[in-house]
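Engineer: Construct the complete structure from the given sequences, taking the supplied hints into account.
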Amino acid sequence: MAFRRGAVLTRYGGGEGRGDRHRGPPQAENAEREHPLGKVVLVTGVARQLGGRFVRRILRDPDVDRVVGVDALPPAHHLGGADFVRIDIRQPAIAGVLAEYGVDTVVHLDVSGIPLLPRGSRAAVKETNVIGTMQLLGACQKTPSVRRLVVKSSTNVYGSSPRDPAVFTETMVPKALPGGGFAKDIVEVEGYVRGFARRRPDVAVTVLRFANILGPSADTPLAEYFRLPVLPTVLGYDPRLQFVHGDDVVEVLRLASGEPRRGTLNAGTFNIAGDGVLLLSQAARRLGKPTLPLLLPAIRWTGTALRSVGVTDFSAEQIRLLTHGRVVETTQMREVFGFEPKHTTAETFADFARSHGPGLLPPEKLAHAVDRFEEVVRHG
Amino acid sequence: MADAKVIPFDDDRSRGAARAARGRSTGSRRRTGEDGRPSPPSALEGGQTPLAAVPEPEPAPGADEDSGARARGVEAPSEGGAPRSDGGDDWDRRIAAGLAFLRRRITGEYEVDEFGYDAELTEQVLLSLLRPLYEKYFRVEVLGIENIPSEGGALVVANHSGTLPLDALMLQVAVHDHHPARRALRLLAADLVFVLPVVSELARKAGHTLACAEDAQRLLERGEIVGVMPEGFKGLGKPFSERYKLQRFGRGGFVSTALQAGVPIVPCSIVGAEEIYPMVGNLKTPARLLGLPYFPVTPTFPLLGPLGMLPLPTKWTIQFGEPIPMDDYPPEAVEDPMLMFNLTDQVRETIQHTLYRLLVRRRSVFF
Chain A
1 MAFRRGAVLT
11 RYGGGEGRGD
21 RHRGPPQAEN
31 AEREHPLGKV
41 VLVTGVARQL
51 GGRFVRRILR
61 DPDVDRVVGV
71 DALPPAHHLG
81 GADFVRIDIR
91 QPAIAGVLAE
101 YGVDTVVHLD
111 VSGIPLLPRG
121 SRAAVKETNV
131 IGTMQLLGAC
141 QKTPSVRRLV
151 VKSSTNVYGS
161 SPRDPAVFTE
171 TMVPKALPGG
181 GFAKDIVEVE
191 GYVRGFARRR
201 PDVAVTVLRF
211 ANILGPSADT
221 PLAEYFRLPV
231 LPTVLGYDPR
241 LQFVHGDDVV
251 EVLRLASGEP
261 RRGTLNAGTF
271 NIAGDGVLLL
281 SQAARRLGKP
291 TLPLLLPAIR
301 WTGTALRSVG
311 VTDFSAEQIR
321 LLTHGRVVET
331 TQMREVFGFE
341 PKHTTAETFA
351 DFARSHGPGL
361 LPPEKLAHAV
371 DRFEEVVRHG
Chain B
1001 MADAKVIPFD
1011 DDRSRGAARA
1021 ARGRSTGSRR
1031 RTGEDGRPSP
1041 PSALEGGQTP
1051 LAAVPEPEPA
1061 PGADEDSGAR
1071 ARGVEAPSEG
1081 GAPRSDGGDD
1091 WDRRIAAGLA
1101 FLRRRITGEY
1111 EVDEFGYDAE
1121 LTEQVLLSLL
1131 RPLYEKYFRV
1141 EVLGIENIPS
1151 EGGALVVANH
1161 SGTLPLDALM
1171 LQVAVHDHHP
1181 ARRALRLLAA
1191 DLVFVLPVVS
1201 ELARKAGHTL
1211 ACAEDAQRLL
1221 ERGEIVGVMP
1231 EGFKGLGKPF
1241 SERYKLQRFG
1251 RGGFVSTALQ
1261 AGVPIVPCSI
1271 VGAEEIYPMV
1281 GNLKTPARLL
1291 GLPYFPVTPT
1301 FPLLGPLGML
1311 PLPTKWTIQF
1321 GEPIPMDDYP
1331 PEAVEDPMLM
1341 FNLTDQVRET
1351 IQHTLYRLLV
1361 RRRSVFF
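These protein sequence lines are chains A and B, in that order.
Using this note's numbering, the first residue of the first sequence is number 1, and each one after it goes up by one.
Using this note's numbering, the first residue of the second sequence is number 1001, and each one after it goes up by one.
I should point out that these hints are in silico values taken from the structure, not numbers from a laboratory.
One or more hints might be untrue.
[Said to hold, decoys possible] To give a feel for the contact side, a few chain B residues facing chain A, derived at Cβ under 10 Å:
id	residue
1	LEU1129
2	PRO1132
3	PRO1197
4	ALA1213
5	ASP1336
[What the hints assert, rightly or not] In silico lysine-lysine, DSBU-like type, Cα no more than 35 Å apart, as pairs:
id	chain 1	residue 1	chain 2	residue 2
6	B	LYS1315	B	LYS1136
7	B	LYS1136	A	LYS175
8	B	LYS1245	B	LYS1234
9	A	LYS142	A	LYS126
10	B	LYS1284	A	LYS175
11	A	LYS175	B	LYS1245
From the three backbone atoms N, C-alpha and C, an ideal C-beta is built for every residue, glycine too.
Structural biologist: Have a look at this one:
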């Protein structure tokens, strides 16, 4: 159990014979819970905030013996003693890493809407999302020790349109499949994951469709949007948004990467979102940000302008989300997966707002102004 | 054919009764609405009584919670309809309530449900804007409101007419204002509503959602009153010559949804909406260019431009029929197309017959 070394760059070897010891049938292995080996978890995308947090969290798990973090770039944050292997998952070499460490649980977090580096290109992100997933799944298929696969997906898979039901369940397919962008990546990634699950029925596959992740340290397109001093909105639409807190995301990933608890099932596809819904106008007011309603063509132009100066990702998909919104049902998450998020959508947003500092129109000041006005009216 | 009974209500009496009930029920709802804080009913009453004495003592700027509670207690009487006390007090309360409302709105401290229904905005603003149209312009008479259950779900199925869906909005006001439990009607709307800017925003906030089985079922299972007009655009945009002739009721999907949710269907007939914009023609080319299902020509529109959009001040009657229970069918009855067709026909016939009866009873289109 003493494998927790400091972060080692490009470490190979040291995992001899692990694959053999994992050959036994999984049921037998699960039955003897105190087997000497523990789990070996491989996490992709650890250079991102979420990956780093998840690695640090899962290292504290008593069941987990060893954590291998993988990314194309070295992380700026520490990984709490997990092994780091610098490898691009688009390369077939990932299969070697899986075999050498005798990995039994793969947590694929390297599916993301925005580039890691501020100037990264969208094409590279798409490649990592789609080709990276294909390579990783191919490698998993060839590695017999792999018993569990957790994939970070997104509710973007449902798209946003005025012709879809107000609340999406896991089984719904959107009326119009996304034509491009991150949503299309996600649809393709999930397609490959389904194919993998068919070919390796012995692997427990969990697909977690996260709503917009927000939190003090979340690096998502929507978080970037809310950091703008003035929020451009689409004139005449007030989308419904749902958020999930970074802490809850880490906790869900931890539950999904372990054995299911009694009475729950953690393989399958689950929507993960905080309770409740916030309208964009409501969110802007709680954040204290003025909004700038623009006509749809104007907002596209603004988006291009913002993107060209590198401020934020304002893709067509993001604009659709800000037009029609998206809400998912989380009954499966509660009743089958057995997870209750600690933060509601509103609390998640409040937490984000706190970490973010006051906007131009802080709600406290507005409330105070109303109180002052009331006083003046009452007493002349 | 189980015909709905026509219950002739004296107009004044029914409204008065509804109003009294409204005052009562609002109070009780506010009380129960305060979930999480199980305060005894007297607590709010207590919060309300010092109000009479409020004008002189200054509200301390720090006492935010106190003023919030006061405002909440005050909303009900200031909203209109309830007995009002002497002028100064009343104005003071109105100002307090208005400012509390304003404070909540500009700080974003209000709740919406997963469909985007903003109960506070709907009750305080949107319905208040529709009410003059409802009470003064169309002078809507409501019959058989007791056929809508006080709790639990129900599917209100109504005829659709009038070129613009004003009938749906008036139905929403009718259910809210006349029902003793002041129930919110959640309307199912065509996807065009959610494509159009502004309209989509307001529709969501008023509690409307897309007319699809998933949304309808979700609402019904939550115990909401759902309103649907199965004729859709066929009913809304039919020529004036075919007034009060029900169009095809779609594929009858509403019956299977109600059956699956185990809620009764309340047939509803609306008389008066057909004549607000007598549609004498339909310009196909502009309709296709604008992506609309039809482009109406009425005697005044587009001839008089925006002035032609003024609806005719017809006198309306909304009659709710006896509920058709759905819970005595087994769930697998949904698989029986014959039964679904029969139930659809039963609902359609009920509405059609009630329409004819109301038309016979009607003295004139405008009075």
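Engineer: Each hint: holds or not?
Structural biologist: A quick look at each hint next to the structure:
1. Restraint check, B:LEU1129 versus chain A: the minimum CB separation of about 17 Å is more than 10 Å; hint violated.
2. The interface hint given for B:PRO1132 is broken, as the beta carbon of that residue sits about 24 Å from the closest beta carbon of chain A, more than 10 Å.
3. Here the hint on B:PRO1197 is kept, as its CB sits about 3 Å from the closest CB of chain A, short of 10 Å.
4. Proximity of B:ALA1213 to chain A holds as hinted, the smallest CB-CB distance being about 8 Å (cut-off 10 Å).
5. Hint on B:ASP1336 is violated. Least Cβ distance to chain A is approximately 24 Å, over the 10 Å limit.
6. Between the alpha carbons of B:LYS1315 and B:LYS1136 the distance comes to roughly 10 Å, so the proposed pair stays at or under 35 Å and holds.
7. For the hint linking B:LYS1136 to A:LYS175, the alpha-carbon distance of about 42 Å lies beyond 35 Å, and the restraint is violated.
8. Of the supplied pair hints, the one linking B:LYS1245 and B:LYS1234 holds, its CA atoms being roughly 11 Å apart against a limit of 35 Å.
9. Note on A:LYS142 and A:LYS126: the hinted pairing holds, with a Cα-Cα distance of about 24 Å set against a maximum of 35 Å.
10. With a C-alpha separation of about 27 Å, the suggested pair B:LYS1284 and A:LYS175 falls inside the 35 Å cut-off, and the hint holds.
11. A hinted pair counts as satisfied when its Cα atoms are at most 35 Å apart, and A:LYS175 with B:LYS1245 qualifies at roughly 33 Å.
Hints 1, 2, 5 and 7, counting from the list given before, are not met by this structure.
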